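**Student:** Each chain, letter by letter, is given below.
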Amino acid sequence: MSKAPETAILPVPAAASPLDAPFPTKRMLVNLGPSHPAMHGTVRAVVELDGEAVHSMKLDIGFLHRGFEKSCENVTWTQVFPYTDRLNYVSSIMNNVGYALAVEKLAGLQVPERAQYLRVVTSELHRMCDHLTLISAMGLELGAMTVLIYGMEARDLIWDRLTELCGARLTSNYARVGGVSRDVPPGWNEKVLRTLDRAEELRVEIDRLLTRNRIVIDRTRGTGVMSREDAIDYGFTGPCLRASGVPYDVRKASPYLVYDRLDFDVPVGTNGDNFDRYLMRMEEMKQSDRIVRQCFDQMQPGAIAADDSRYVLPPKPEVYGSIEGAMAHFKIIMEGIKVPAGEAYAYVEAANGELGFYAVSDGSGRPYKLGVRAPGWNMLMALPQMMEGKLLADLIPTFDTINMIGGEVEQ
Amino acid sequence: MSQAALQRLKERFPEAVTEAYTGPGGDDVALVKKESIEEVCRFLRSDPEMAFDMAPYITAVDYMGSEPRFEVVYQMYSTTKNHRLRLRVGVPESDPVVRSVTPLWKGANWYERYCWDLYGIRFEGHPDMRRLYMYEEFVGHPLRKDYSLRGRQPLIPERQVDEPFRGPGPSGS
Amino acid sequence: MSATSDLDLVPAIATRREDALSGLEKMVSKGLGWARKYSLFQYPFVTACCGMEFMAVAAARYDLDRFGAALPRFSPRQADLLMVVGTVNVKQAPILRRVYDSMADPKWVVAFGVCASSGGFYDNYATVQGIDRIIPVDVYIPGCPPRPEQVLDGIILLQQKIQDQPHKLIDREKPALPAKG
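Protein chains in written order, with this note's numbering: chain A, 13 to 423; chain B, 155 to 327; chain C, 3 to 183.
Okay, chain A solo, but in the shape it has when bound (with noise of 0.2 Å):
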C-alpha cells in the first residue's frame, strides 16, 4: 500500500483580522473504494482532498482481474470467443470481432462478404448499446434518472434482436474464425430497422432532456479537461481522443471490413472537455443507425464463413454425410484451429476507442500469447492529471464519459 502523504495542517497567510484570516486547514485522505457507486465496477482511488478540490489522486486497479491472458492460454482459438466477449462487456461483438480479425490476419483467411457486413451490422449495434449504457448512466449520476429509464428501454429494443440473431442479450459469442456463427433468421432486417426508428425516438428525447440542460451543461462543460497533445501523449483512442481535436477513427483511417464501402460522418470535438465526450458519444449513435441501414441495402445473400475446413466447422450435412466432412469437424473441436506460427496485431475501433488484439501463435491448437490493447486503459490512466485542482463533485461526470469499462481494462 502507498506511505500517507505528510497531510500538516496548511500554512495560513496574515490578515489584519482574526475574522478576515481564512480557515486552517488539513489535507484528508479519502478512500474511494473498490465497491463504490461512482466507481464503475470496481476502482480504488485514494484522493487526497484539500476541502472539496482534489489535491492529488491515486488508483489502484486489479479488482476485477479474471486471469483473461491465462486462461485464453489454456483452451482452444475458438475457445476464446466467450473470453473475448466479457472484455468489452457491453459490446461484446467489437471484440470478437478484433480478435476474429488478429487469427485470421495470421492465418490469411478471407471473410466472405456477407459475414463481413453482419459483423459491421453487429457491430453497430452494440456500438449503440454502449453509448446508451454510458449515457443512461451519466444521466442517473447527475440526477436525471429519467434519462436511465429511456436508455435502458432502448438498449433492451436492440438487445432483443440481438438475442435473436446471437442468442444472448449480453455475452454474444457471435464472430468466429473466418466469418460468423449463424445466419439472420427470417424477417430480421426489417425488425432491426423499426427497433432502430424506436432507438431513435428514444435518444431524441435523451437528447432533449440532456443536451441543453442547464445543470449537466454546468456539470460537464470544463470539467475533465485534456488537451490534444496530452491525449495523445497518453495513447488516448476514440471518442475520447476525437473530443479533443485529433480527427482519429480506424474505420477512416485504416478500413477493415466494409467500412470502405459505407458513407458515415465522424464527429470531432474541440475542447476536449466531459461535455463533448457526451456529444460525440450522441452523435455517433445517429452515424451507428446510418451504417446499419446502408449495411442492409447493400448486403446480399451469400455464406457467412469461409470455405476452408481447416479452420471453418464444415456445414453438418457434409459432416454427417462425408468422411472429411466428419474428419474436418472431429479435429478442429478437438484439437483446435492450427493456425500458422507468427504474430500478429489486428485492431477495430470499438465503442471506446482502438481495441487491438495482439496474437502469438506456435502453430498448436492454442493461443500461446493473446494480449489486448484496451482503450478504456489510456483514459483510466489519465484521470489523476484530469482531476488535480478540480473538485470532487467533478469526478462523477469524467468517470462516466470515459468510459472504463472494467472488464476491459483488468482483462
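For the record, the hints were derived by calculation from the structure and aren't laboratory data.
Hints are supplied without guarantee of correctness; some may be wrong.
Taking lysine to any residue pairs in the SDA-like style, the calculated list, with each CA pair at most 25 Å apart, reads [said to hold, decoys possible]: (1) A:K70 with C:R100; (2) A:K350 with B:S220; (3) A:K264 with B:A158; (4) A:K350 with B:T233; (5) A:K70 with B:P257; (6) A:K203 with C:R63; (7) A:K264 with B:L160; (8) C:K109 with B:Y289; (9) B:K299 with B:G274; (10) A:K203 with C:I158; (11) A:K264 with B:T233; (12) B:K235 with A:D272; (13) B:K235 with A:K203; (14) B:K187 with A:A353; (15) B:K235 with A:N283; (16) C:K109 with B:V315; (17) A:K264 with B:R199; (18) A:K70 with B:P178; (19) A:K70 with B:W270; (20) A:K70 with B:K164; (21) B:K260 with A:L403; (22) B:K299 with A:R378; (23) B:K260 with A:E241; (24) C:K28 with C:R100; (25) B:K260 with A:A65; (26) B:K299 with A:P94; (27) C:K109 with A:E81; (28) A:K350 with B:K188; (29) B:K164 with B:E189; (30) B:K188 with A:A353.
Sample of chain C residues lacking proximity to chain B, with all beta carbon distances greater than 12 Å (derived) [unchecked claim]: (31) R100; (32) D125; (33) D140.
Predicted, not measured: the structure shown is a model, and the values here were computed from it.
Glycine residues also receive a C-beta, built at the ideal position from the N, C-alpha and C atoms.
Since chain A is already given, all that's left is putting chains B and C on it; use the hints.
**Tutor:** Just chains B and C, lined up with the frame of chain A:
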C-alpha cells in the same frame, strides 16, 4: 504500409536493429537490441518523418525454453502519418531489466507496470514501479509459463465448501 | 470465521422447546416475514458484466420495484440484501467479506451470475471459485449473464425463503461477530 518507416529505422540504427521484416497481414516489425531501445524510441518519437506520437501498446511474451526468454513488444502508431510499427526487444531471464519509455510517452506508464506485475520484467527509470493487477502480498509473476493456471494465493481464509465436482476443501492449485 | 460449514450448525427440525414458536410468535413471524420480504434494501456489489443485466432488471421493463427491492442503499449498514453481481477475485475477496460483516442482521446474500455462484469459467489464479467460499449465500442465480426473468425468479425464491424463516420481534440471540484480523 509503413515500409518507408521501417527502412528509415534500419538505416538510422544499423547495429541496434538486428532484423526487420514484414509479418503476416502487412505488419512491419523490427527486432531491436535491449540496450538501445530508449534511443530508438526517442528517434521514433521526435523525428518528423516517423512522428510516432501516440503512446505505444507495450506487452511481453514469455518464450520459455528459448533464449532470450522474454520479449517486450512495442506497438507504435502515428496520428499524423497514419503508419504503424512493431518493435520486439529480446529480454534474457538472467537480466530482465529494460530502460523505461515513460519519460517519452506518459501513456506507457501502466503498460510497463503490467509487464513487471505479470512477467517480472523491470523497467529502469520508471517513476512508479509497483504491481498493477495483483496485490502486494502476491508472490510470483502469474503470466510466466511456469506459473500454474490455478495457483491461487488467497488473501483471507476460505470457508469449507462441499463441491460435488471438485470435492470439499478450500481452493488450491 | 470458523472453517466448518454452516450446515452443521443449523438443526434439521426444531425439536427443542426454546426453538419452537408459539401460536402468537408464529403470527408475528409471518407478519415480520411479509414485511421483510417486500421491502428489501439491496446493496448492489457490482463488479462485472452481470452489472449490465442488473441495470436492465432495475429498469422499467423488468421492474424490480414491483418486488419492493428497487431502492439500492450504498451503505452496508442500511442494506439488508447483499447482491453480489459479477466476478469476485482474490483481491476483492477481503472487501466483500468486510462489506458482509458490516451489514446488520437480518441480512441475505444473493449470488447473481455464475461467476459469483461458482467462479464461472474463470478457473484460474485470480478468481474466487464462488462467493460461498467467503460468505454464506442464500440464493444462487446462475447464468452468464442470467436473463432478467431468471433474476426475478431468484428474487421470488428469496422472498419465499424469507417468509419461511422464523422471525422474532426481539431477537435476544447474540450475533456472531467476525474474528479479529
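**Student:** Taking the hints in turn, state whether each one holds.
**Tutor:** Hint check:
| no. | hint | result |
| --- | --- | --- |
| 1 | A:K70 with C:R100 | holds, 22 Å |
| 2 | A:K350 with B:S220 | holds, 22 Å |
| 3 | A:K264 with B:A158 | holds, 21 Å |
| 4 | A:K350 with B:T233 | violated, 35 Å |
| 5 | A:K70 with B:P257 | holds, 19 Å |
| 6 | A:K203 with C:R63 | holds, 19 Å |
| 7 | A:K264 with B:L160 | holds, 23 Å |
| 8 | C:K109 with B:Y289 | violated, 29 Å |
| 9 | B:K299 with B:G274 | holds, 12 Å |
| 10 | A:K203 with C:I158 | violated, 33 Å |
| 11 | A:K264 with B:T233 | holds, 12 Å |
| 12 | B:K235 with A:D272 | holds, 19 Å |
| 13 | B:K235 with A:K203 | violated, 42 Å |
| 14 | B:K187 with A:A353 | holds, 23 Å |
| 15 | B:K235 with A:N283 | holds, 23 Å |
| 16 | C:K109 with B:V315 | holds, 20 Å |
| 17 | A:K264 with B:R199 | holds, 23 Å |
| 18 | A:K70 with B:P178 | violated, 40 Å |
| 19 | A:K70 with B:W270 | holds, 19 Å |
| 20 | A:K70 with B:K164 | violated, 40 Å |
| 21 | B:K260 with A:L403 | holds, 24 Å |
| 22 | B:K299 with A:R378 | holds, 14 Å |
| 23 | B:K260 with A:E241 | holds, 11 Å |
| 24 | C:K28 with C:R100 | violated, 33 Å |
| 25 | B:K260 with A:A65 | holds, 24 Å |
| 26 | B:K299 with A:P94 | holds, 22 Å |
| 27 | C:K109 with A:E81 | violated, 37 Å |
| 28 | A:K350 with B:K188 | violated, 32 Å |
| 29 | B:K164 with B:E189 | holds, 16 Å |
| 30 | B:K188 with A:A353 | holds, 24 Å |
| 31 | R100 | violated, 9 Å |
| 32 | D125 | violated, 6 Å |
| 33 | D140 | holds, 15 Å |
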